[in-house]
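Undergrad: Chain by chain, the residues:
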Amino acid sequence: MSPKAQAALIAKLTALADDELILSHRDSEWTGHGPILEEDIALANIAQDELGHASTWLSLRQALDGTDPDRLAFFRDAEEFRCAQLLELPKGDWAFTMLRQYLFDRYELHWLSAATASTYPPVAEAAAKILREERFHLQHTQAWVERLGQGTEESNRRLQAALEGQWGYAQQLFVPLPGEEILVGEGIVPELRRLKEDWLENVTRHLQASGLKLPLPPGYQPHSREHHTEHLWSLLAEMQSVARWDAEARIW
Amino acid sequence: MSPKAQAALIAKLTALADDELILSHRDSEWTGHGPILEEDIALANIAQDELGHASTWLSLRQALDGTDPDRLAFFRDAEEFRCAQLLELPKGDWAFTMLRQYLFDRYELHWLSAATASTYPPVAEAAAKILREERFHLQHTQAWVERLGQGTEESNRRLQAALEGQWGYAQQLFVPLPGEEILVGEGIVPELRRLKEDWLENVTRHLQASGLKLPLPPGYQPHSREHHTEHLWSLLAEMQSVARWDAEARIW
Amino acid sequence: ALRLAEFEARIARGEKIEPGDWMPEEYRRQLVRMISQHAHSEVVGMLPEGAWITRAPSLKRKMILIAKVQDEAGHGQYLYHAAETLGISREEMLEALLSGRAKYSSIFNYPTLTWADIGTIGWLVDGAAIKNQTMLAQCSYGPYSRAMVRICAEETFHHKQGKEMVIAYAKGTPKQRQMAQDAINRWWWPALMMLGPHDADSPNSEVLIRWGVKTKSNDTVRQEFINEHAPEILATGLSLPDPELHQDPQGNWRHGPINWEEFWSVVGGNGPMNKERLEARRRAHTEGAWVREALEAYAAKKSPIPMAV
Amino acid sequence: ALRLAEFEARIARGEKIEPGDWMPEEYRRQLVRMISQHAHSEVVGMLPEGAWITRAPSLKRKMILIAKVQDEAGHGQYLYHAAETLGISREEMLEALLSGRAKYSSIFNYPTLTWADIGTIGWLVDGAAIKNQTMLAQCSYGPYSRAMVRICAEETFHHKQGKEMVIAYAKGTPKQRQMAQDAINRWWWPALMMLGPHDADSPNSEVLIRWGVKTKSNDTVRQEFINEHAPEILATGLSLPDPELHQDPQGNWRHGPINWEEFWSVVGGNGPMNKERLEARRRAHTEGAWVREALEAYAAKKSPIPMAV
Numbered sequence: 009m010s011p012k013a014q015a016a017l018i019a020k021l022t023a024l025a026d027d028e029l030i031l032s033h034r035d036s037e038w039t040g041h042g043p044i045l046e047e048d049i050a051l052a053n054i055a056q057d058e059l060g061h062a063s064t065w066l067s068l069r070q071a072l073d074g075t076d077p078d079r080l081a082f083f084r085d086a087e088e089f090r091c092a093q094l095l096e097l098p099k100g101d102w103a104f105t106m107l108r109q110y111l112f113d114r115y116e117l118h119w120l121s122a123a124t125a126s127t128y129p130p131v132a133e134a135a136a137k138i139l140r141e142e143r144f145h146l147q148h149t150q151a152w153v154e155r156l157g158q159g160t161e162e163s164n165r166r167l168q169a170a171l172e173g174q175w176g177y178a179q180q181l182f183v184p185l186p187g188e189e190i191l192v193g194e195g196i197v198p199e200l201r202r203l204k205e206d207w208l209e210n211v212t213r214h215l216q217a218s219g220l221k222l223p224l225p226p227g228y229q230p231h232s233r234e235h236h237t238e239h240l241w242s243l244l245a246e247m248q249s250v251a252r253w254d255a256e257a258r259i260w
Numbered sequence: 009m010s011p012k013a014q015a016a017l018i019a020k021l022t023a024l025a026d027d028e029l030i031l032s033h034r035d036s037e038w039t040g041h042g043p044i045l046e047e048d049i050a051l052a053n054i055a056q057d058e059l060g061h062a063s064t065w066l067s068l069r070q071a072l073d074g075t076d077p078d079r080l081a082f083f084r085d086a087e088e089f090r091c092a093q094l095l096e097l098p099k100g101d102w103a104f105t106m107l108r109q110y111l112f113d114r115y116e117l118h119w120l121s122a123a124t125a126s127t128y129p130p131v132a133e134a135a136a137k138i139l140r141e142e143r144f145h146l147q148h149t150q151a152w153v154e155r156l157g158q159g160t161e162e163s164n165r166r167l168q169a170a171l172e173g174q175w176g177y178a179q180q181l182f183v184p185l186p187g188e189e190i191l192v193g194e195g196i197v198p199e200l201r202r203l204k205e206d207w208l209e210n211v212t213r214h215l216q217a218s219g220l221k222l223p224l225p226p227g228y229q230p231h232s233r234e235h236h237t238e239h240l241w242s243l244l245a246e247m248q249s250v251a252r253w254d255a256e257a258r259i260w
Numbered sequence: 308a309l310r311l312a313e314f315e316a317r318i319a320r321g322e323k324i325e326p327g328d329w330m331p332e333e334y335r336r337q338l339v340r341m342i343s344q345h346a347h348s349e350v351v352g353m354l355p356e357g358a359w360i361t362r363a364p365s366l367k368r369k370m371i372l373i374a375k376v377q378d379e380a381g382h383g384q385y386l387y388h389a390a391e392t393l394g395i396s397r398e399e400m401l402e403a404l405l406s407g408r409a410k411y412s413s414i415f416n417y418p419t420l421t422w423a424d425i426g427t428i429g430w431l432v433d434g435a436a437i438k439n440q441t442m443l444a445q446c447s448y449g450p451y452s453r454a455m456v457r458i459c460a461e462e463t464f465h466h467k468q469g470k471e472m473v474i475a476y477a478k479g480t481p482k483q484r485q486m487a488q489d490a491i492n493r494w495w496w497p498a499l500m501m502l503g504p505h506d507a508d509s510p511n512s513e514v515l516i517r518w519g520v521k522t523k524s525n526d527t528v529r530q531e532f533i534n535e536h537a538p539e540i541l542a543t544g545l546s547l548p549d550p551e552l553h554q555d556p557q558g559n560w561r562h563g564p565i566n567w568e569e570f571w572s573v574v575g576g577n578g579p580m581n582k583e584r585l586e587a588r589r590r591a592h593t594e595g596a597w598v599r600e601a602l603e604a605y606a607a608k609k610s611p612i613p614m615a616v
Numbered sequence: 308a309l310r311l312a313e314f315e316a317r318i319a320r321g322e323k324i325e326p327g328d329w330m331p332e333e334y335r336r337q338l339v340r341m342i343s344q345h346a347h348s349e350v351v352g353m354l355p356e357g358a359w360i361t362r363a364p365s366l367k368r369k370m371i372l373i374a375k376v377q378d379e380a381g382h383g384q385y386l387y388h389a390a391e392t393l394g395i396s397r398e399e400m401l402e403a404l405l406s407g408r409a410k411y412s413s414i415f416n417y418p419t420l421t422w423a424d425i426g427t428i429g430w431l432v433d434g435a436a437i438k439n440q441t442m443l444a445q446c447s448y449g450p451y452s453r454a455m456v457r458i459c460a461e462e463t464f465h466h467k468q469g470k471e472m473v474i475a476y477a478k479g480t481p482k483q484r485q486m487a488q489d490a491i492n493r494w495w496w497p498a499l500m501m502l503g504p505h506d507a508d509s510p511n512s513e514v515l516i517r518w519g520v521k522t523k524s525n526d527t528v529r530q531e532f533i534n535e536h537a538p539e540i541l542a543t544g545l546s547l548p549d550p551e552l553h554q555d556p557q558g559n560w561r562h563g564p565i566n567w568e569e570f571w572s573v574v575g576g577n578g579p580m581n582k583e584r585l586e587a588r589r590r591a592h593t594e595g596a597w598v599r600e601a602l603e604a605y606a607a608k609k610s611p612i613p614m615a616v
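Residue numbers (the numbering used here), protein chains in the order written: chain Z, 9 to 260; chain P, 9 to 260; chain S, 308 to 616; chain Y, 308 to 616.
Be a bit skeptical, because a hint or two may be false.
Said to hold, decoys possible - As a list, the in silico DSSO-like pairs of lysine-lysine whose alpha-carbon atoms are at most 27 Å apart: (1) K221/P x K608/Y; (2) K137/P x K367/Y; (3) K204/P x K582/S; (4) K467/S x K482/S; (5) K582/Y x K99/Z; (6) K482/S x K137/Z.
Claimed, not checked - Counterexamples of contact, computed for chain Y against chain Z with all Cβ distances above 10 Å: (7) K367; (8) H388; (9) L405; (10) T419; (11) D506; (12) S509; (13) W567; (14) P579; (15) M580.
What the hints contain is simulated information worked out from the structure, not anything from laboratory work.
A virtual CB, placed ideally from N, CA and C, is assigned to each residue, including glycine.
Hey, can you work out the whole structure from these sequences and the hints?
TA: Below is the structure:
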């Protein structure tokens with residue numbers, strides 16, 4: 009791999025990991041507070057999987073540049089994170105959480121399916137492994153979108169409000185990183201523009217079938233992963249508070 | 009002053025400062041989110057005063073042992089704080105915030121009035137200065153307790169719930185620190201047990217006149233300022249996040 | 308009286324009582340009380356630990372903690388099912404919890420103040436729970452006994468992870484060591500108390516032992532717990548907050564007097580976290596109401612195809 | 308028409324128009340729009356800064372920030388009063404804000420991402436506001452003019468504190484310097500934009516200038532702002548995110564092209580924080596409803612003694 013491609017791949021792996029890590033954080037905020045015990049279990053399961061995926065992507069990065077995954081997760085500052093803003097938004101209500109997870113799962117499914125054909129075997133293998141779990145997530149969140157969309161007036165209203173709050177943010181999932189075209193050129197990662205069409209068609213169909221109103225005005229669409237929401241600082245202040253509490257500690 | 013009295017006074021000044029600092033933090037969480045613009049202003053004013061009092065007590069401590077007030081506020085860990093648990097509780101609704109401030113103001117008024125007779129002039133002077141501001145606070149929060157207690161059924165219900173949540177915690181304000189008896193013996197600080205009677209009589213009369221139900225079962229009563237609530241860690245993680253973010257920074 | 312004699316004979320032979328079988332009303336009542344209390348403990352127990360998932364200091368610890376809390380939810384689920392075999396519904400049990408009528412383990416009314424509390428809960432609280440559950444795995448009521456076997460296996464894993472964490476911090480930096488010591492100091496006595504009052508003050512024990520629900524007394528289980536944990540904790544270099552603790556000539560570790568006043572105060576609703584724990588559960592229940600209504604409305608529309616929730 | 312001529316003559320003589328005086332409906336309409344928009348900006352502007360009070364890194368900075376945000380609330384209050392003299396009520400204005408009909412300064416739809424944003428807002432945003440407000444202090448409408456004089460004095464103080472903070476960090480540690488640079492990079496263009504569209508694209512400007520509401524055009528005010536701030540920022544060693552920025556032979560600092568598409572998108576509701584800012588205000592209003600109701604109920608009981616709220 010050329011040094012340029014390697015740098016681009018390191019950046020991409022970091023962005024993939026950050027998405028999963030931050031989403032996992034938001035999901036895990038529900039633990040013990042879900043609307044039904046069974047859903048506490050299911051969402052904790054999803055949070056656990058997403059955390060596992062974050063570790064996977066960080067270990068691929070570690071293989072390239074030797075960076076310790078825990079240092080990356082717990083000692084980077086907000087401006088060094090490369091997660092999409094959608095995943096930083098506060099957990100909101102159950103409709104907000106389920107919809108975000110659905111929009112992300114659907115994006116991830118397309119991305120992972122395409123990435124199984126990566127010319128870089130570690131990416132292809134990781135994608136295949138993660139894909140198996142993500143199919144379950146999608147099944148689960150897709151069903152929730154339908155239930156809430158077609159449930160009561162109240163649940164439909166909340167889901168629609170969540171959709172209006174998330175739609176513009178979700179588009180950021182398809183904005184490539186600077187330099188990502190090199191990786192696409194070498195067949196290491198799929199091209200986001202193409203995936204977006206499939207994603208858009210799929211989610212539009214499912215959301216409409218669930219009784220939601222689309223299309224929506226585009227709203228605010230973040231365009232760079234170098235910029236974040238006001239929520240990331242506080243999220244990291246909490247997430248990193250123990251790890252940073254003892255400057256001498258090397259092992260936790 | 010004997011070394012023992014000095015150590016006890018340092019501990020007492022720290023506890024006084026911590027109460028004010030943490031209460032100020034909770035009050036300031038309302039900034040921009042108050043029910044009426046005028047109340048945003050009034051509560052920001054109270055938060056500012058309490059913060060000023062924290063600085064005053066810390067500067068008295070600094071005069072004794074040279075400790076930097078900012079280091080104490082931003083680089084001590086939760087278990088080193090000596091605030092009462094009442095002040096750590098999340099801000100709750102407007103009734104919760106007004107009632108806590110009222111219970112604390114009333115305690116502070118008694119304490120400060122007595123402390124103006126301190127045999128240690130810096131304490132006497134600080135108490136006299138702070139007392140002037142606290143009279144305004146008490147006037148303000150006392151009026152709020154009456155308005156909410158006698159307002160609507162809803163406001164009475166919320167205030168009563170706040171009272172039931174705070175009553176046991178408020179008793180901790182009158183638990184002396186280990187070694188405080190030395191200071192009482194030397195006339196440096198007032199004895200808490202005596203103040204408690206006045207406080208109890210005053211607040212009971214006002215709360216009942218405002219339509220609240222008393223007496224209450226004692227509930228949980230924290231007995232040591234070495235122990236805190238689950239909320240303090242998160243509060244400090246946020247409060248100290250900028251100050252600790254840059255290990256090299258000495259000036260903010 | 309004949310049926311009772313037969314029932315007691317079955318228990319004496321070591322047979323399990325199963326859901327369809329005849330049982331004395333008092334046996335059913337005691338089991339519903341114990342199993343639902345146990346289920347509630349798992350569910351409420353998610354709160355003090357779950358709050359630290361977002362603050363776990365490494366990816367590995369975070370993963371372990373989510374998995375652990377998820378297991379607790381799962382245990383709650385098994386146990387509610389086990390109680391349902393005795394003719395009570397989950398809704399009735401939840402209602403009893405939220406109204407404050409039902410109890411849960413007193414230990415969860417203590418706060419988790421630092422990250423070391425997570426390891427300490429795993430080691431001491433799960434350690435105490437395992438001693439109790441191992442005994443209950445012998446219980447005469449089949450569904451409870453089987454739930455205990457399954458739960459014990461998972462708790463043993465949590466116990467091991469907690470112990471490993473505390474030992475690591477005991478050998479760690481000064482701040483880590485201090486945090487671990489502080490956690491041990493705060494959790495030791497509550498862990499002893501969670502095994503229940505002394506035998507002399509335990510009103511239900513006698514009948515429960517006769518019917519094979521409990522097979523050991525509270526004090527016996529507590530002694531087992533101390534005998535295992537006291538020497539292990541001392542071996543890490545940490546101390547225990549009991550100046551009277553010592554090993555007697557028989558090899559038993561004897562503890563100093565337990566503050567039962569504190570225990571009964573916590574059981575009676577005046578522990579540091581009673582109000583908050585119950586409020587957190589109530590809030591989750593209230594805020595989840597619209598979700599449950601939506602599910603019902605959806606299921607009604609889609610019936611007769613039953614929905615898998 | 309006679310009254311209009313008289314009105315315009317008074318303005319030409321530099322007289323102030325006062326609440327009781329006759330004024331053209333359009334004059335009233337434009338002033339209500341401007342003053343209420345200005346009041347809303349103060350109130351919404353409390354949000355991005357207020358969120359950092361709990362995180363301010365020293366006791367002094369915390370004190371300064373609470374005082375600043377409190378001043379903003381105070382400014383909102385004066386300005387609502389000034390608008391009320393034109394026959395609109397605070398409730399009507401609030402309703403217009405919460406429904407999204409009324410505007411507030413576009414700048415508050417950008418997020419505050421780090422602590423350095425607080426200093427930068429003081430320096431750049433208050434700096435730009437002061438240029439505008441100094442001009443509005445000459446306004447022909449008495450109450451608005453007097454409010455501006457009072458507000459300007461306080462904002463000048465905030466501006467000085469903000470500048471001092473950014474300069475301290477520019478001279479501070481590498482992390483502090485980097486944080487300050489990042490903040491300047493993010494706030495520079497929005498600060499230029501907040502002074503409004505170019506004169507050619509500013510629909511209300513002409514009539515506002517004729518009636519002495521505005522006495523300078525947007526581009527003139529913007530040029531004053533840049534001329535003061537660009538050299539001062541560069542002197543700290545920080546850079547500005549405009550490669551075309553340069554001083555022309557007349558001594559004016561000329562900026563590169565402004566991204567007006569972004570400006571109109573933010574004004575049109577699609578800035579990064581439009582939704583959240585409005586939702587925060589709506590939430591405060593909704594959650595405060597029971598408090599306002601309680602106050603009314605109490606006042607009704609206690610009347611005829613009027614309550615001072």
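Undergrad: Next, verify each hint and record whether it holds.
TA: Here's how the hints hold up against the structure:
With a CA separation close to 20 Å, the supplied pair K221/P and K608/Y stays within the 27 Å bound. A threshold of 27 Å between alpha carbons decides the hint, and for K137/P with K367/Y the separation of about 19 Å falls inside it, so the pair holds. Simply put, K204/P and K582/S have alpha-carbon atoms about 25 Å apart, close enough for the 27 Å limit, and the pair holds. The straight-line distance between the Cα atoms of K467/S and K482/S is roughly 23 Å, inside the 27 Å bound, and the hint therefore holds.
Between the alpha carbons of K582/Y and K99/Z the distance comes to roughly 16 Å, so the proposed pair stays at or under 27 Å and holds. In summary, the hint linking K482/S to K137/Z is not supported, as the alpha carbons are separated by about 39 Å, beyond the 27 Å threshold. Residue-level check passed: K367/Y sits 21 Å from the nearest beta carbon of chain Z, beyond 10 Å. H388/Y, annotated as away from the interface, keeps every beta carbon of chain Z farther than 10 Å; the closest lies near 31 Å.
Residue placement check: L405/Y keeps its beta carbon more than 10 Å from all beta carbons of chain Z (closest about 16 Å). With a least CB separation of 6 Å from chain Z, T419/Y falls inside the 10 Å interface cut-off, contrary to its annotation. With 10 Å as the threshold on Cβ separation, the claim that D506/Y sits away from chain Z holds: the shortest Cβ distance comes to roughly 28 Å. No beta-carbon of chain Z comes within 10 Å of the beta-carbon of S509/Y; the shortest separation is about 25 Å.
The Cβ of W567/Y sits about 17 Å from the closest Cβ of chain Z, beyond the 10 Å cut-off, so the non-interface label holds. For P579/Y, the requirement that its beta carbon stay farther than 10 Å from each beta carbon of chain Z is not met, with the minimum near 5 Å. Under the 10 Å C-beta cut-off, the non-interface status given to M580/Y relative to chain Z is violated; the minimum distance is some 7 Å.
Checked against the numbered hints given earlier, the structure breaks hints 6, 10, 14, 15 and satisfies all the rest.
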